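Given the sequences, and given the hints that come with them, work out the whole structure.
Protein chains in written order, with my numbering: chain A, -13 to 215; chain B, 6 to 303.
It is worth saying that the hints were derived from the structure and are not from the lab.
Don't take each hint at face value.
[Unchecked claim] Within a straight-line C-alpha distance of at most 25 Å, the following computed DSS-like cross-link-like pairs (lysine-lysine) qualify:
hint, chain 1, residue 1, chain 2, residue 2
1, A, LYS22, B, LYS259
2, A, LYS158, B, LYS259
3, B, LYS134, A, LYS22
4, A, LYS(-6), B, LYS134
Just so we're clear, the structure is a prediction, and the values are computed from it rather than from any experiment.
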Amino acid sequence: MQTFDLGKEGLRALNSSLHALKGQTNMTSWEVVNPKGAHAIAAGVDAPVDITVRGSTGYYCAGMNKQATIRIKGSAGPGVAENMMSGTVIIDGNASQYAGATGRGGLLVIKGNASSRCGVSMKGIDIVVHGSIGHMSAFMAQSGNLVVLGDAGDALGDSLYEARLFVRGSVKSLGADCIEKEMRPEHYAILEDLLKRGEADHLAKPSEFKRYGSARKLYNFNIDNASSY
Amino acid sequence: MCGIVGLFLKDPKLEPQLGAMMTDMLITMTDRGPDSAGIAIYSSAGKGLGKLTVQSAHPEKDFKGLDGDLKEAIGAPVAMLVKSTHAVLEVPLGQLEAARSAVTHLRPGIKVMSSGENIEIFKEVGLPKDVAARFEVSKMGGTHGIGHTRMATESAVTTMGAHPFSTGADQCLVHNGSLSNHNGVRRELKRLGMTFETENDTEVGAAFISHKLQSGESLGNALEATLTDLDGFFTFVVGTHNGFGVVRDPIACKPAVMAETDQYVAFGSEYRALVNLPGIEDARVWEPEPATVYFWER
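Okay, structure coming up:
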């Protein structure tokens, strides 16, 4: 176990040590103490290591993560796991705005609530939120799955492409071109897997969710709307 | 950008440390706003007394003999404490308005930062640590306070463009964001008799709230009205003689985090600003919801 005191050694030293881990490494277990809300903790890691952050983080923690499993034992500031490529990020507390934005792969688990714009423009990432999510979540989401055990705020899935949104609680309002869709066997299978990997299978069952997706009406130019442009 | 901090103390034992805690919070927010900083601290002047905080670009000239001249002008005792470019004048509460107009006649170069029973405002251009040091904020006690670090967007980097803005007795406002309809709202408020010192958008927000309070609205209703009448991006923190309020616009892209314990309620643009507060590990920490008014009063 490598323990890193962010208060003493500084962010740049931490991130350059983590960036130096290329591919396989013997230093597979890291602990970061005294994060105190600092920005960009463990951003840009590209190695199959396990990193635990003991406390709350500021902007862009675990951004662009590849391969690593990063656990935040507190809450996360804006842009956590932004543009994640692969690996897993697990937050014990809440996440601020645009968690998992533009993520291309991997799994983001938020055990508390996520605020506005969760999963905005997601492109393949899977996100499991044990609590609720704020307004404008999954705006222009392209692919991947967003699973919410609680409620969703206003304008869920506005201008959505092909991401799948599963919400167990209420949805305050759906955004433009986002509609409720039927749950088919493959969707129950996706949910069962994500609830298990998202450490939520003891909290909810796939049958309790509704699925939302794109009505695909905004995909192409509609000549009837020409006068509006 | 811009950084906001706020602290409302529930536990009187913390009151002597208010300035020290707020100085630490303010300096942590330096990278959100390095061009100017300001702070409003609320502490009682004593029974029957009011405070006028004034600022001058030429303090040696303007503050020399000001207490004596003011005493003569209003016919009441005046106590003056000079801190760098600012001075706090204590006068009987009944003479506060008379003192305010007398000061600007006696010393035309002086600007009034705030007036009221409890409020003192100190603000200047420069790094937050330098601004806090020149006014010795860390030595100040009080019941509550709000502070701001500015990264200017809408108007020039000047002392008067720094936050907090005060447009009514014991009232002040700090802002992260930018208003887009401030010129129209300013014209309307001028017509209703409000006065303005700058072309700044935030001053319009402050005057809008002050006007509502003067018309008899509660702080809660005044903050609600910002959601319908002001257009643009804002996280506002508002101070009054007995508390503070928070409101974010419906889009809520300007960050805000709050923490509450038995001892205090704290506001920060980022969690970083709160990490050195006592008992923060066990505090209830949350993000204020968009288009939702929060306020704490004693």
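Quick rundown of the hints versus the structure:
{"no.": "1", "hint": "A:LYS22 <-> B:LYS259", "verdict": "holds, 20 Å"}
{"no.": "2", "hint": "A:LYS158 <-> B:LYS259", "verdict": "holds, 22 Å"}
{"no.": "3", "hint": "B:LYS134 <-> A:LYS22", "verdict": "holds, 20 Å"}
{"no.": "4", "hint": "A:LYS(-6) <-> B:LYS134", "verdict": "holds, 22 Å"}
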